[in-house]
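Novice: Position chain B relative to chain A; hints supplied.
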Amino acid sequence: MKRQIPLIITAIVGAVLIVSVFIPHDPFGRLGENFSVYFDIIAVFAFILGGGNLIRVHGNRIYKRAQDWPFSIVTVAGFLVTLVAGAFKIGNPNGIKGDVAAPGSLFTMIYDNIFTPLQATMFSILAFFVASAAYRAFRAKNREATILLVTAFIILLGRTPVGHYVTFWLPPALEFFHVPVLANWIMSIPNLAGQRAIMIGISLGVISMSLRMILGIERGYMGEGSK
Amino acid sequence: MAMFDRVKNIDRRIIFLCIVLSVIVPLLLDITFTEKASPIVKNIFDKIESLPSGSRVLLSLDYGPSTVPEIQPMVNALVRHLNEKNHKVYFMCLWATGQNLTTITVDSVQAREFPEKVYGVDYVNLGYKAGNEGLINVLLTDMKKMYTTDVHGTYIDDLEIMRPVRNLTGFDLIVGLGGGTPGIKEWILFAGDPGRIPVAGGSTAVQAPLLYPYWPNQLLGLMGGIKGAAEYESELITYYPKYKLKSKPGIKMMGPQAVAHIVIMLFIIIGNITFFAQRAREGKAKGK
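The listed protein sequences correspond, in order, to chains A and B. The numbering used here puts the last residue of the first sequence at 227; the count rises by one with no breaks. The numbering used here puts the last residue of the second sequence at 288; the count rises by one with no breaks.
In case anyone wonders, no lab produced these hints; they're calculated from the structure. The beta-carbon is built from N, C-alpha and C at its ideal position, and this holds for glycine as well. Some hints here could point you the wrong way.
Distance condition first, Cα-Cα at most 27 Å in a straight line; then the derived DSS-like pairs of lysine-lysine [said to hold, decoys possible]:
| # | chain 1 | residue 1 | chain 2 | residue 2 |
| --- | --- | --- | --- | --- |
| 1 | B | Lys117 | A | Lys97 |
| 2 | A | Lys97 | B | Lys129 |
| 3 | A | Lys97 | B | Lys145 |
| 4 | B | Lys8 | B | Lys286 |
| 5 | B | Lys129 | A | Lys89 |
| 6 | B | Lys8 | A | Lys141 |
| 7 | B | Lys244 | B | Lys85 |
| 8 | B | Lys85 | B | Lys47 |
| 9 | A | Lys141 | B | Lys286 |
| 10 | A | Lys89 | B | Lys145 |
| 11 | B | Lys252 | B | Lys85 |
| 12 | B | Lys117 | B | Lys47 |
| 13 | B | Lys244 | B | Lys47 |
| 14 | B | Lys36 | B | Lys246 |
| 15 | B | Lys42 | B | Lys252 |
| 16 | B | Lys47 | B | Lys246 |
| 17 | B | Lys42 | A | Lys97 |
| 18 | B | Lys36 | B | Lys47 |
| 19 | B | Lys8 | B | Lys284 |
| 20 | B | Lys117 | B | Lys244 |
| 21 | B | Lys42 | B | Lys242 |
| 22 | B | Lys129 | B | Lys117 |
| 23 | A | Lys141 | B | Lys284 |
| 24 | B | Lys144 | A | Lys89 |
Computed beta-carbon distance windows for the label pairs [claimed, not checked]:
| # | chain 1 | residue 1 | chain 2 | residue 2 | range |
| --- | --- | --- | --- | --- | --- |
| 25 | A | Ala66 | B | Phe276 | 42 to 50 Å |
| 26 | A | Phe79 | B | Ile14 | 33 to 41 Å |
| 27 | A | Val16 | B | Gln218 | 24 to 32 Å |
Same shape as in the complex, but just chain A:
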């Protein structure tokens, strides 16, 4: 029963959602709508599970004095303070019914003064690593790498106004070689073709995996292997 009930739920929900796309009338249309609402409700519970899991994992680390355990204290304290500030809307000028992100609330203060600078810093650091990695690893070692290098140069130039200034003097007959035009062509033709091929491949994989789940062949989502 423990195994069969989840399998039956998956099969029914999956089949109904597929049918509701092709037959959007009662009862399938209504069932499809309701299943989507249930999904949204369950998605909210994922936050509770995520929060619980975070406390369990980091609580264990603190309790066992595992490596770098003081960082776990910061994680748990940050989580709890933000949770309480948001849930009880501490300092919110409009009270408990006001916008959780209202200016002046403790939640907004944490968001603006801690969360925002931390995320911005993490993302900004990428620019330095990209530059350093490009210098050390971006080599024209063979034909494929050379094509990649030339393409990268055209896109790098084409994404800035410099690209225009480099080739603006070209006659109209050679307009295709104008760097911004070339960059747009790379994005719209070779990039698009490659992306579409990848997307179609992924979609076929998702369809086959979904069918395996609906038919109960794939049970990895229940913590089991395939049948």
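Specialist: What follows is chain B alone, placed relative to chain A:
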């Protein structure tokens, strides 16, 4: 040859310093360039321009603080344009981190720059709801199943702006502005395609190539990174010259981006010169 070895093994802190300078110096010198909207950006501008006054446009701010420098200039330019055309603006977000940014946008651009517009009549902030693409799926059939109140706790039925909107098909345009999943792709797949609603987008530069397959049939237009934002800003200035004096972060950030790109290219060229020099040296040694 010792020089090539020194260059090859350059201290990475020198590279970091060059990147810092390539960003700071153009900002301090206020280096800007003239931008011209590419077709993929112009399509969005033209669509908003051609919609009849009072059209309903949904802006979904699906991003976090890490992508603010790229996405926020697009959001600000769009909000200004929508208000200039007297469209009804609906703000919402699929990302929990987006609610604060939505409130900031509403306070700092919508309410501050357009004080004559009335909340609940001309614009509304619906805020964040969990569910990702599942949320879009429900909104497509019935908005009130998920949004019973706005961010201030006011019932949706009490807001004049919400009365004509039963579901997503009530919108004339959806603009997804985001830096990941859920984002523009989900808006296309779960709202644009099944509901036949025009969807446009603004994404980070790294995300933009992934969205090109949807353009132009499923995705009306796309602003990719700072470049996309700068192009939209320049188009806005062309049509509404009063914005020439206002803050235009997209155009302003194109200077540092251009210089940083050139610096990175120079490093790649230097790296390749040292690589070929080393290969030639190794070839010679083998020959001996």
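Novice: Determine for every hint whether it applies to the structure shown.
Specialist: Taking the hints in turn, this is what the structure says about them:
no.: 1; hint: Lys117/B - Lys97/A; in the structure: holds, 23 Å
no.: 2; hint: Lys97/A - Lys129/B; in the structure: holds, 16 Å
no.: 3; hint: Lys97/A - Lys145/B; in the structure: holds, 20 Å
no.: 4; hint: Lys8/B - Lys286/B; in the structure: holds, 21 Å
no.: 5; hint: Lys129/B - Lys89/A; in the structure: holds, 17 Å
no.: 6; hint: Lys8/B - Lys141/A; in the structure: holds, 16 Å
no.: 7; hint: Lys244/B - Lys85/B; in the structure: holds, 18 Å
no.: 8; hint: Lys85/B - Lys47/B; in the structure: holds, 11 Å
no.: 9; hint: Lys141/A - Lys286/B; in the structure: holds, 18 Å
no.: 10; hint: Lys89/A - Lys145/B; in the structure: holds, 24 Å
no.: 11; hint: Lys252/B - Lys85/B; in the structure: holds, 25 Å
no.: 12; hint: Lys117/B - Lys47/B; in the structure: holds, 22 Å
no.: 13; hint: Lys244/B - Lys47/B; in the structure: holds, 22 Å
no.: 14; hint: Lys36/B - Lys246/B; in the structure: holds, 18 Å
no.: 15; hint: Lys42/B - Lys252/B; in the structure: holds, 19 Å
no.: 16; hint: Lys47/B - Lys246/B; in the structure: holds, 23 Å
no.: 17; hint: Lys42/B - Lys97/A; in the structure: violated, 41 Å
no.: 18; hint: Lys36/B - Lys47/B; in the structure: holds, 17 Å
no.: 19; hint: Lys8/B - Lys284/B; in the structure: holds, 19 Å
no.: 20; hint: Lys117/B - Lys244/B; in the structure: holds, 22 Å
no.: 21; hint: Lys42/B - Lys242/B; in the structure: holds, 19 Å
no.: 22; hint: Lys129/B - Lys117/B; in the structure: holds, 25 Å
no.: 23; hint: Lys141/A - Lys284/B; in the structure: holds, 18 Å
no.: 24; hint: Lys144/B - Lys89/A; in the structure: holds, 24 Å
no.: 25; hint: Ala66/A - Phe276/B: 42 to 50 Å; in the structure: holds, 49 Å
no.: 26; hint: Phe79/A - Ile14/B: 33 to 41 Å; in the structure: holds, 39 Å
no.: 27; hint: Val16/A - Gln218/B: 24 to 32 Å; in the structure: holds, 26 Å
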